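Peer 1: Sequence:
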Amino acid sequence: MATFLYKLGRLAFRRRRYVVLVWVALLALAGVGAATAPKAPSDNFTVPGTEAQHAFDLLHERFPGTNADGASARMVFKAPTGQKITAGPGKAAVEKVVTDLKNTPQKATVADPFTANAVSKDGTTAYASVTYTAKATEITDATHTAIENAAQHGRDAGLTVETGGTALQASPETGNSEVIGIGIAAVVLLITFSSLVAAGLPLLTAIMGVGVGIAGITALATTLGLSSTSSTLASMIGLAVGIDYALFIVSRHRHELMEGRDGEEAAGRAVGTAGSAVVFAGLTVLIALAGLSVVNIPMLTKMGLAAAGTVALAVLIALTLIPALLGFAGTKVLTRKVRKGRATDEGKPNMGTRWARLVVRRRIPFLIAGVVALGLAALPVTGMQLGLPDDGSQPVSTTQRKAYDMLSDGFGPGFNGPLMVVVDAAHSDRPQQAAEHVKQTIAGFPDVKTVTAPAFNPKGDTATLTVVPASKPSSTETEDLVHTIRGHSHEFTESTGADVLVTGTTAMNIDASQRLNDALVPYLALVVGLAFLLLMIVFRSVLVPLKAALGFLLSVLAALGAVVAVFQWGWLANLIGVEQTGPIMSMMPIFMIGVVFGLAMDYEVFLVTRMREAYVHGEKPRQAVVTGFTHGARVVSAAAVIMISVFAGFIGSSESMIKMMGFGLAIAVAFDAFIVRMTIVPAVLALLGRAAWWLPGWLSRALPKVDVEGEQLRKNLEAAHASRAESDEPEPVTV
Numbered sequence: 001m002a003t004f005l006y007k008l009g010r011l012a013f014r015r016r017r018y019v020v021l022v023w024v025a026l027l028a029l030a031g032v033g034a035a036t037a038p039k040a041p042s043d044n045f046t047v048p049g050t051e052a053q054h055a056f057d058l059l060h061e062r063f064p065g066t067n068a069d070g071a072s073a074r075m076v077f078k079a080p081t082g083q084k085i086t087a088g089p090g091k092a093a094v095e096k097v098v099t100d101l102k103n104t105p106q107k108a109t110v111a112d113p114f115t116a117n118a119v120s121k122d123g124t125t126a127y128a129s130v131t132y133t134a135k136a137t138e139i140t141d142a143t144h145t146a147i148e149n150a151a152q153h154g155r156d157a158g159l160t161v162e163t164g165g166t167a168l169q170a171s172p173e174t175g176n177s178e179v180i181g182i183g184i185a186a187v188v189l190l191i192t193f194s195s196l197v198a199a200g201l202p203l204l205t206a207i208m209g210v211g212v213g214i215a216g217i218t219a220l221a222t223t224l225g226l227s228s229t230s231s232t233l234a235s236m237i238g239l240a241v242g243i244d245y246a247l248f249i250v251s252r253h254r255h256e257l258m259e260g261r262d263g264e265e266a267a268g269r270a271v272g273t274a275g276s277a278v279v280f281a282g283l284t285v286l287i288a289l290a291g292l293s294v295v296n297i298p299m300l301t302k303m304g305l306a307a308a309g310t311v312a313l314a315v316l317i318a319l320t321l322i323p324a325l326l327g328f329a330g331t332k333v334l335t336r337k338v339r340k341g342r343a344t345d346e347g348k349p350n351m352g353t354r355w356a357r358l359v360v361r362r363r364i365p366f367l368i369a370g371v372v373a374l375g376l377a378a379l380p381v382t383g384m385q386l387g388l389p390d391d392g393s394q395p396v397s398t399t400q401r402k403a404y405d406m407l408s409d410g411f412g413p414g415f416n417g418p419l420m421v422v423v424d425a426a427h428s429d430r431p432q433q434a435a436e437h438v439k440q441t442i443a444g445f446p447d448v449k450t451v452t453a454p455a456f457n458p459k460g461d462t463a464t465l466t467v468v469p470a471s472k473p474s475s476t477e478t479e480d481l482v483h484t485i486r487g488h489s490h491e492f493t494e495s496t497g498a499d500v501l502v503t504g505t506t507a508m509n510i511d512a513s514q515r516l517n518d519a520l521v522p523y524l525a526l527v528v529g530l531a532f533l534l535l536m537i538v539f540r541s542v543l544v545p546l547k548a549a550l551g552f553l554l555s556v557l558a559a560l561g562a563v564v565a566v567f568q569w570g571w572l573a574n575l576i577g578v579e580q581t582g583p584i585m586s587m588m589p590i591f592m593i594g595v596v597f598g599l600a601m602d603y604e605v606f607l608v609t610r611m612r613e614a615y616v617h618g619e620k621p622r623q624a625v626v627t628g629f630t631h632g633a634r635v636v637s638a639a640a641v642i643m644i645s646v647f648a649g650f651i652g653s654s655e656s657m658i659k660m661m662g663f664g665l666a667i668a669v670a671f672d673a674f675i676v677r678m679t680i681v682p683a684v685l686a687l688l689g690r691a692a693w694w695l696p697g698w699l700s701r702a703l704p705k706v707d708v709e710g711e712q713l714r715k716n717l718e719a720a721h722a723s724r725a726e727s728d729e730p731e732p733v734t735v
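Residue numbering for the sequence shown follows full-length UniProt numbering, beginning at 1 and increasing consecutively.
Please keep in mind that the hints were generated in silico from the structure rather than gathered at the bench.
Below, in silico cross-link-like pairs of lysine-lysine (DSS-like), each with a Cα-Cα straight-line distance of 25 Å or less:
#, residue 1, residue 2
1, K337, K348
2, K449, K121
3, K102, K135
4, K472, K439
5, K84, K96
6, K121, K84
7, K91, K402
8, K620, K348
Here the structure is a predicted model, which means the values were calculated and not measured.
Turn these sequences into a full structure, and let the hints steer you where they fit.
Peer 2: Here is the structure:
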């Protein structure tokens, strides 16, 4: 591996003009494809194999002409204090607004509250339901404006009017925080390298890689069904790892130059050694992201694969474009003092060396302190509640949240999360009686407030019932009700011949959460198992990969604990703009495990390969730990700060999912890089000594040798150098 990458680095250095042209051409080609591609499709949240999804698909088939994917809006009206919405000026104002809604673009149907029994018992609150022919992400600005104008007409008449539903869904905004994150990364790179050229290269190549990746995703969005959420995650991960991978190559190149090697040789050795670490670090990220497909939720699978593609591009750019650009930069990647031979800190231990010596010397206290700190941070995980967001999780200042609260006050907390029960009576002799029996039975279940009359399709073989729970959508009582109805499905089939299915947004959320929970252990086993095997190949050790996996579990649990503390408990929520606390998104734990595992292994590979390299080259185990920190701690710290800055930039997003992901990944990297990799790892390796690098003989023979530490490369180069020196010796003269 190292020898191949060494040759690749030298080739890219020599043919730098062609390499740069190829990457620029790829960027241009992807840009043209993105500019001419159709608009990206909207997110279709489906959970194949679940009852809710099966019922949803059945409705598509049995109710032709309906658009179950269409956007919807629910405009809620409340009369002034002491007045009724059912008479006088209040009723006239509502009727005027309903007329306005009937004239809005893209509308399909508008239900008048006075004819649709959509008025509260006390007569103070009513709502009008509107369905649209377009999906939520396809609602035009003209439609948004028309909805807002209609609501304003009601307010002008003295009513309180708020609107909820998917029709008001807005594209998430990240604000300026992402730009600030990149700015912080630039400052960190400048401090790390003390050279504008060296600092600029990782940023330039990372932006190019993300540009190619995002443009490619946009160009293929319609073909592959990729949405805007896929692009957001891809840019988040791609930018972070792109900067990090380039940072390690540039740092090693500078080290080789300072050792006295020429530019081409330095680039070759940098790609051969640090590049090997980049390849295997990238593979761990790819495994973690691509492994999200085992959950079998298409949206999550597409997000993972899109991000994995961007990471693969980041690896390729680090191995080819970076050495090519280093060829143009020459010695300008070095500091001015080094170029002029005035470096004065040679031989002086750097901070990484001093820190490693301290940890190695006090290894047991540092190990205990690190584990205890992460354990305390992980404690909130024990109280984690999972769910999927709805209008109830919106900030209290939004019209969606106000409409949600008005409906809860006027019609009960369960009104915002009705269940749809589908009665498939295609094989029943008496469909009408079957549906009525189901209605009467469900009405007697605990926590049921109301059940509507059956609504049949034109063929008369399928009916839908709307069940309004007495509890709010995210409550355990509502979840229990769903399971109760499903638990009676066999009884319904035996007594009526009809199949009964439960669907709707609330049921879909419950099924998705269950699917994610069920997939957690298999996913963890797959990802950790494959990465464990990969790390055994890299480090030729059993205990080092085991220590890496256990350290990852500590960091991810601590990060999830921090997410619960902020987004569920509300600790420091105002500091990062969390207006509304609530359950943690169901996909967050599995998403965090996947992404954080890949990123955590980045630092493990980068830092420990330096230690492995020193150990293989003859140093004692504890000294090898110190040597690894001498060469790698500064760069790993800079890489971690950069990654934290990039992820933290997404905390400014208006989308709660993106905000939570940005915070979770930023805090996870902080925990993993500075507590696990910088403290626990050296302490454990110092305790293990030579045992850390033990590998059974039979396993050593079975595993392929990839030479990540560059030992075989060094021997090959020394042999080649000796051969050249021998051939240059003058032949002896005989007299």
